[in-house]
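> Heads up: the sequence lines are chains A and B, in that order.
Just so we're aligned, residue 1 is where the first sequence starts under the working numbering, counting upward by one.
Just so we're aligned, residue 1001 is where the second sequence starts under the working numbering, counting upward by one.
Please note: incorrect hints may appear among the correct ones.
Ranges of calculated distance between the beta carbons of each label pair, as one might list FRET restraints [stated by the list, open to error]:
| hint | chain 1 | residue 1 | chain 2 | residue 2 | range |
| --- | --- | --- | --- | --- | --- |
| 1 | B | G1135 | A | I40 | 38 to 48 angstroms |
| 2 | B | K1069 | A | E197 | 21 to 31 angstroms |
| 3 | A | D217 | B | E1065 | 21 to 31 angstroms |
| 4 | A | K248 | B | E1065 | 38 to 48 angstroms |
| 5 | B | E1056 | A | E197 | 49 to 59 angstroms |
| 6 | A | E197 | B | R1075 | 27 to 37 angstroms |
| 7 | B | F1112 | A | E196 | 44 to 54 angstroms |
| 8 | B | V1071 | A | D189 | 14 to 24 angstroms |
| 9 | B | K1265 | A | K52 | 28 to 38 angstroms |
| 10 | A | E67 | B | N1204 | 26 to 36 angstroms |
Simulated coverage check for chain A against chain B, where a stretch passes if three residues somewhere in it have a Cβ under 8 angstroms from a Cβ of chain B [as the list claims (entries may be wrong)]:
| hint | segment |
| --- | --- |
| 11 | 203 to 217 |
| 12 | 227 to 240 |
| 13 | 243 to 253 |
| 14 | 259 to 265 |
| 15 | 299 to 313 |
Because the hints were derived from the structure by calculation, they are not lab data.
Glycine included, C-beta positions come from ideal geometry on N, C-alpha and C.
2 protein chains.
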Amino acid sequence: MRIVIDGMGGDNAPQSNVEGAVNAIKEYGINIVITGDKEILEKEFSKYDFDKEKLEIIHTTEIIENEDKPVKAIRSKKDSSMVVALRLVKEGYADAVISAGNTGALLAGGLFVVGRIKGIDRPCLCPAIPNAKKGMTLIADGGANADCKPRNLVEFAAMSNIYAKKVLGLSNPRVALANVGIEEGKGNDLVKKAYEELKNIDLNFIGNVEARDVINDYTDIIVCDGFTGNILLKSAEGVAISVMGLLKETFLSSTKGKLGAMLLKDDLRKLKSFMDYAEYGGAPLLGVNGGVIKAHGSSDSRAIKNAINQGIKFAKGNVLQDIKDFVVVNKESEE
Amino acid sequence: MRIVIDGMGGDNAPQSNVEGAVNAIKEYGINIVITGDKEILEKEFSKYDFDKEKLEIIHTTEIIENEDKPVKAIRSKKDSSMVVALRLVKEGYADAVISAGNTGALLAGGLFVVGRIKGIDRPCLCPAIPNAKKGMTLIADGGANADCKPRNLVEFAAMSNIYAKKVLGLSNPRVALANVGIEEGKGNDLVKKAYEELKNIDLNFIGNVEARDVINDYTDIIVCDGFTGNILLKSAEGVAISVMGLLKETFLSSTKGKLGAMLLKDDLRKLKSFMDYAEYGGAPLLGVNGGVIKAHGSSDSRAIKNAINQGIKFAKGNVLQDIKDFVVVNKESEE
Chain A
1 MRIVIDGMGG DNAPQSNVEG AVNAIKEYGI NIVITGDKEI LEKEFSKYDF DKEKLEIIHT
61 TEIIENEDKP VKAIRSKKDS SMVVALRLVK EGYADAVISA GNTGALLAGG LFVVGRIKGI
121 DRPCLCPAIP NAKKGMTLIA DGGANADCKP RNLVEFAAMS NIYAKKVLGL SNPRVALANV
181 GIEEGKGNDL VKKAYEELKN IDLNFIGNVE ARDVINDYTD IIVCDGFTGN ILLKSAEGVA
241 ISVMGLLKET FLSSTKGKLG AMLLKDDLRK LKSFMDYAEY GGAPLLGVNG GVIKAHGSSD
301 SRAIKNAINQ GIKFAKGNVL QDIKDFVVVN KESEE
Chain B
1001 MRIVIDGMGG DNAPQSNVEG AVNAIKEYGI NIVITGDKEI LEKEFSKYDF DKEKLEIIHT
1061 TEIIENEDKP VKAIRSKKDS SMVVALRLVK EGYADAVISA GNTGALLAGG LFVVGRIKGI
1121 DRPCLCPAIP NAKKGMTLIA DGGANADCKP RNLVEFAAMS NIYAKKVLGL SNPRVALANV
1181 GIEEGKGNDL VKKAYEELKN IDLNFIGNVE ARDVINDYTD IIVCDGFTGN ILLKSAEGVA
1241 ISVMGLLKET FLSSTKGKLG AMLLKDDLRK LKSFMDYAEY GGAPLLGVNG GVIKAHGSSD
1301 SRAIKNAINQ GIKFAKGNVL QDIKDFVVVN KESEE
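Hey, can you work out the whole structure from these sequences and the hints?
In structure tokens, the structure reads:
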């Protein structure tokens, strides 16, 4: 098993990527390939003591920046750490790729470099958000496809269901449609039609979920178009960050508040870490013909190591083959 | 000026409605008409000392419950407190109606009893959510229309802009489109087309806003389809409630936590009240030919009084006439 890391991608590159790779080699005993500026990477790796046999550095000369236009960057920066890493998966040299770089570019690279699985119309990005029961909930699609057809939502459901079983270890993931009410027949045209189709697919479809209940562990997977998924995720994130800010402000506004906050310091840190979704590893891009994991842009070494572990489970669990099997079954049922 | 209150609508009916009406009579000196069971309402009003000349009770025999199917309820319960209240606005006897009852029924009643303003394709519901700068942000549409055309979003923008000026007193409201990124050209087909049209309308259009920034006072008005508006609102609400729950749990889990929480009791109460959007009064239904304000289902007397004040400002500000003027100008610019 080989996992490839886009060495230069992410806000804390290459440091976090290198430290995450070292810790993954130590903890999981796997082989890591890393792409990027060889000199810089070698210097960074020289800080650590680990089994050098398990590391391969592939020199690349370009970097895709956050400001780059995704499709253009993938097409023009052929020797970037991201494109080369994706190509190693495409060519079968590595089993999965981890990148904390430009999200749009990774989505475009998934499509144009790795390629779609035949029979899947649109790949989806599946980030996980923490819920109040200290578990997590997958959003499929979390933002790859702004406009969707009912068929796309059905594929998102099937693919994320496989991922939840094989990578997250859930035996019978609950799958729900993001909607404005829980009753059947609610919502816009897209979700009404998708609801009908989801009833006929072999998965644990529990119906609709309202956005306010997502955090209450109502479901393991939320199916929606990528526009809705983005709104859902970002709205939750914005409020969580703001409430922490307000708390801080409130606590610092009086001596009594400061004293109280001092006593609660450890508890507040726990709360903050719960709400920090960067801790929950990366988001898989499902539906492309290889393992592609998007790590959060601000990933620290722990997030990178967690994302590598996701890549390992993705490969070991044969997620790709299961998705291909779904395509066959789904096609047969349509005929 | 006369404001009519659906006396039997809401979780705390009729108590909160009656107390809110009494306080509005005292504070604003206006005439209140209230619909509902006369005997029950008279008994409730007898608890208060106020100018009885300013109150009129109109007896009704039916109540629309939260469980009732909206359209069916409006059509079959003709003598309900809600339908009769709406009719009083339709007939011009009252200037605006306040209801804390079944939201779907009020939307249906707005359309079928009060009727649309000619030239407005779809009315929208405009709830306000608190932002972290202690102001509020209007969501247009907050849930009335699951499927929208670009034209609808333009109308939502124009109508909520008028409301923000006349009722909220903003001189030049900022209007933004809910989107997955701030750059022009982002998003689904609907928002891309709406963006183009909004550039050509006479209002302070500031472009796109991401859901994570809504709470940061980025804009005064967020324009979106009702499906997106519902997801945005409910996701924020769910997280805010959950975080408060987690805080409570965290604080009660240790002696130190309990001590700290005791010191912070007043501050936490302030924070909770900030996040309680019921405090921010009601949501207007814009685009129907009369003032219709939806108060939160769990409204207390203060929320009802605030909603009555919104109704007064709605009528005094000639919001309806301004919307009709927009229709004329907009039509001319299309010709």
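> Taking the hints in turn, state whether each one holds.
Quick rundown of the hints versus the structure:
1. B:G1135 / A:I40: 38 to 48 angstroms: Holds, at about 47 angstroms.
2. B:K1069 / A:E197: 21 to 31 angstroms: holds (25 angstroms)
3. A:D217 / B:E1065: 21 to 31 angstroms: Hint holds: Cβ distance 30 angstroms, inside 21 to 31 angstroms.
4. A:K248 / B:E1065: 38 to 48 angstroms: 43 angstroms Cβ-Cβ, so the 38 to 48 angstroms window holds.
5. B:E1056 / A:E197: 49 to 59 angstroms: holds (54 angstroms)
6. A:E197 / B:R1075: 27 to 37 angstroms: Given range 27 to 37 angstroms: holds, Cβ gap about 32 angstroms.
7. B:F1112 / A:E196: 44 to 54 angstroms: violated (28 angstroms)
8. B:V1071 / A:D189: 14 to 24 angstroms: Hint holds: Cβ distance 18 angstroms, inside 14 to 24 angstroms.
9. B:K1265 / A:K52: 28 to 38 angstroms: The hint (28 to 38 angstroms, Cβ to Cβ) is violated, given that K1265 (chain B) and K52 (chain A) are roughly 57 angstroms apart.
10. A:E67 / B:N1204: 26 to 36 angstroms: holds (28 angstroms)
11. 203 to 217: holds (count 7)
12. 227 to 240: With 13 residues closer than 8 angstroms to chain B, the segment 227 to 240 of chain A meets the three-residue bar; holds.
13. 243 to 253: Per the Cβ count (7), the hint holds.
14. 259 to 265: n = 6 at 8 angstroms, threshold three: holds.
15. 299 to 313: violated (count 0)
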